[in-house]
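**Q** Read off the chains here:
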Amino acid sequence: MDAEADESFRDFVANRSSALLKTAVLLSGGDRHAAEDLLQNALIKVAGRWNRVDEPEAYVRRILYRQQVSRWRLKWPRRELSVAEPPETSGPALGTDASAAAELRVVMRGALARLTARQRTVLVLRYFEDLPEADVARLLGCSVGTVRSTTHRSLARLRTLAPELAALAPAAGEQLSSRDYSPVEVRP
Amino acid sequence: MNVEELVRAALHEQAAEQPPSGPGLADRVLTVRRRRRTRRIASAAVAVAAVLTAVLGVPRLESGGHDVRPSGGVDHDRTVKADRPAKTHSAQSLPRTTIAAGNTVMAAYFTVKTDWQTERQGVRVRSYWLLDKKSGRYEKTTKWSWVAVAPGLKTAAVLEQHLPVRRIGLLDLASGKVERWFPVDHPVGGLAFSPDGTKLVATAYDKNPDHRTKEVGNDPVTPFDSRRTSFYVFDVASGHGTWAPVKVTPGMMGIPLNVRQDFAFSRDGKTVWGGQLSKPYMRFYDASGHRVAAPEGEKYRDWFVDAGLSPDGTRLAGDFAGEKWYTSSWLLDPHTGKHLAEIHGQQLLAWADDKSLIAWDLAKGDKDEFHSRLVLVTIGSDKEVPLSGFLKGSDGTEGRWTPVFARR
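Which chain is which? The protein sequence lines are A and B, in order. In terms of our numbering, the first sequence opens at residue 5 and continues consecutively. In terms of our numbering, the second sequence opens at residue 179 and continues consecutively.
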């Protein structure tokens, strides 16, 4: 990397690393240290191709997701966030609507951290990136059915992890409740 | 508020709350990168030394000496009968003897193992088991990196190891010998026959489409840097081929294609299609590589559903359904894309006749998503005929095999 490339890389990191770190944190279930590792490795990769990459931010985001996808598809040992406290099974009654909503979001965050990397990746792609099921399926190299069933199981798992969510209305992604399934790997 | 809305809100809130990244990140990245590069150069030097040692120690290698290939024998053309009984071997996994149903036979299958050539660079290597029609057994070969079997099971198109390669072999499946080689200027990594077997499409890549890397710790990563460049269409009888460049355009989230995204023929054999990760998910091309409209009945096809159109063209195999049964798939109207019927089967692989398909499926009551086997499913029937034993392991582990089907 020459001096000019070095400078533009540093500018990119200074301007965009905070936004990229947010995505990495979500993928890592709120584990800031794991997210920083994830982002650092993605930045190392983009640095190696700095002069050949037209859209570095898109490139780094692809790396972040692909790392998660690869861990899922290859069933490699994963690091999961350990959470000291077990989920509340009979929490206090929630207060006002606003505070109840805020508390629910905190509860949800804790439950998201307890999902597997596979489940969390699908939820981040569906509900943070707002990608439709078909796009998630193509991105992850699996069928729409796999995305659907993983979404369903992930949402069901969230309810199990956080009984406070039981009062919430069923979501569209939970409609496969008795038909859980996933196909085998898809040949590209 | 429902759970989906709460997940969305929680994720956005969590993202918004994150403090900025700390100072010095660029410095750390550049320092680590320099260290890794130094280590890789050192590793490469060790690898070169190892190769030199091997070459000096083994002066001559016999080509294919350890391959077991299909034995010789005369193939007798069979009359296609839609009601031909299925050949099933429900206790076998890996399969040893012929698996077939209706007009379709499992002509081969392969297993995959990643060969880590350096600390961080590897290649997924396939081992094939080709059906010897005379003995009715699948025989292992490690000679080929890719095998496409033509209808009738007399000929296979093969690529040698170390993709991409600069020649395509036409293998006589009876003798086990390559009868002809088609040289190519642009190296190729994948092959597919036209439905009538008269044409062959070869997908060109400028880098091995089966390469894998390790980027984070010891985790293998599926690269996304597709290097697909073009395709060839060969007339199998004459060996005449045309070459067509196809530009890879950025798709969803900037990811253009899977690292391996081979071309294949449409049902009528007149156009070539390639899968995409974003809309339109299937792109069709003429032999010159110009985009053309989807052929009749294939507009609603999706590239990851292998079965495609039924032989009579009245039904299109679709994606997972899961509404009527625990595992099931949709059959679509090929002209409208609307659901025609729901059929048993987790993943539809190949049509056996106009009303039956070979599919992966779980045993009744089984909830292990990876514990599937080949079955024959029929429209309007609750009965499944097991064709193979169950896959072992889970995605990406040993014990998995992938079928290659051909018309008898």
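One should not assume that every hint holds.
Some chain B residues judged to face chain A by a derived CB distance under 7 angstroms, without partners named [as the list claims (entries may be wrong)]: (1) VAL185; (2) GLU191; (3) GLN196; (4) THR209; (5) ARG211; (6) LEU348; (7) ALA352; (8) GLY354; (9) PHE498.
Honestly, the hints are just simulated from the structure, not real lab data. Built from N, CA and C at the ideal position, the CB exists for glycine as well.
**Q** Run every hint past the structure and note whether it holds.
**A** Structure-based check of all given hints:
1. VAL185: 5 angstroms, holds
2. GLU191: Because about 6 angstroms separates GLU191 (chain B) from the closest Cβ in chain A, which is inside the 7 angstroms limit, the hint holds.
3. GLN196: Given a least distance of 5 angstroms, the restraint on GLN196 (chain B) holds.
4. THR209: At about 10 angstroms, which exceeds the 7 angstroms cut-off, the nearest Cβ of chain A leaves the hint on THR209 (chain B) violated.
5. ARG211: 5 angstroms, holds
6. LEU348: 23 angstroms, violated
7. ALA352: Check failed: Cβ of ALA352 (chain B) comes no nearer than 27 angstroms to chain A, outside 7 angstroms.
8. GLY354: At about 25 angstroms, which exceeds the 7 angstroms cut-off, the nearest Cβ of chain A leaves the hint on GLY354 (chain B) violated.
9. PHE498: Given a least distance of 2 angstroms, the restraint on PHE498 (chain B) holds.
The earlier numbered hints that this structure contradicts are 4, 6, 7 and 8.
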